[in-house]
Amino acid sequence: MTDSRAPWALRVAPHLAVFGMGYVTFAYAGVPAFFLDRYDIGYAAFGLLMSATLLPFVLVQWPASRLVERATSTRLLLGATVAQGALALTLDFAPSYEVLLGLRFLWGIAAGTLLSVGATHVARLYEGTAASRQQGLYGGMLTLGGAVGFLAAPRFVAATDGTGVHALGALLALPAVGTLWINRSDRLTAPTSSGGGVSPLSVATDPRVLLASLCYVAIISSYMTLSTFVTAYFDELGVVGPLNALVLGTATVGRGLGGSAVFRLPVGDEGVIGGATGVALAGLLLLAGGSSGPLLVALPFVVMLAVSVPFGAVYNVAASATDAEGTALATVVAVGNLAALAFPAITGTVRDATGGYDGAFVLLGALNALAVGAAVTLSRRRRQ
1 MTDSRAPWAL RVAPHLAVFG MGYVTFAYAG VPAFFLDRYD IGYAAFGLLM
51 SATLLPFVLV QWPASRLVER ATSTRLLLGA TVAQGALALT LDFAPSYEVL
101 LGLRFLWGIA AGTLLSVGAT HVARLYEGTA ASRQQGLYGG MLTLGGAVGF
151 LAAPRFVAAT DGTGVHALGA LLALPAVGTL WINRSDRLTA PTSSGGGVSP
201 LSVATDPRVL LASLCYVAII SSYMTLSTFV TAYFDELGVV GPLNALVLGT
251 ATVGRGLGGS AVFRLPVGDE GVIGGATGVA LAGLLLLAGG SSGPLLVALP
301 FVVMLAVSVP FGAVYNVAAS ATDAEGTALA TVVAVGNLAA LAFPAITGTV
351 RDATGGYDGA FVLLGALNAL AVGAAVTLSR RRRQ
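Per the numbering used here, numbering of the sequence shown is gapless, rising by one per residue and ending at 384.
Do not take every clue at face value.
Now the in silico label distances, taken between C-beta atoms and shown as ranges [to be verified]:
| no. | residue 1 | residue 2 | range |
| --- | --- | --- | --- |
| 1 | 289 | 42 | 22 to 30 Å |
| 2 | 42 | 178 | 36 to 44 Å |
| 3 | 373 | 63 | 43 to 51 Å |
No lab work stands behind these hints, which were simulated from the structure alone.
Glycine included, C-beta positions come from ideal geometry on N, C-alpha and C.
Construct the complete structure from the given sequences, taking the supplied hints into account.
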């Protein structure tokens, strides 16, 4: 169900906001050689730049969940979008690696708030299968922003010696700021009256929220690791072309397809999660098992598609588990990103130590195996 009273601009606003955020999150990963040379760092430190963004994603979830139970998501999303756009302007001028690490942490506070509040905004405007579809599109816009970042970053490096790699995100935030400002007095995205008396602890420990969180751990860890290292991976294979952007484009398609599958087919959220993470598990094990030739190029696309499909379904399972949808979504985002923040640094360390990514693929495969089990449990609980 969609709230037919909601203006079109109010419904599109979170998608516009997360697009600009996705650009800033991933653009730097499109030019690994530039950052390795500029700051004289290795792959472990390069991965830590993503971890520095994900850590505040975890830390802001509790305050964000409290805020969305007290104010409209429209006003909160407006503030978070302005903040992340303003902070994005500073990232290209970091004089040292340590300063860049700190600035990405600060930017992550605003971006993590935006991500959680935006998902709550969608949950308040849509219900049921429409909510799954829109949450998938919401996640797809984030990855589309990252794909644009992969395409734009090399051009900024060539033309301006890196100025604009992050700062373009401020410009991309303006459409969202405009649509949210126009609707800043809206009450359609106010907290639900029934959710205010729900204990945050009872929401965070709800079995369906916990199982959804486990699924999110697998898909966000896989997604963030692939996004961070896909450029370096293809460079080392000697593959020429914007395959990194195509991989994130695949993620965009996957998130949209996942929401559409729930919307159009009788598979349910749990079926989408279990089937997709099963495919991801198979793909990751093939990557770790010494695949060669075309498979080395094709499998990252398969895995990225598979881990992207369930995003909307996971969000919808969590949001529909309790009356406090904001707290439930914040729990899922926090738990998922707490695990995911370690994987870029772990993968970089594995790459520095072994010259390859097989060990990281095995770890990610294990997480997706757990997600398959969680999806089966969710399905059984729903039928009880």
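*Among the hints numbered above, which are violated by the structure, and what are their numbers in rising order?*
Hint 3 alone not satisfied by this model.
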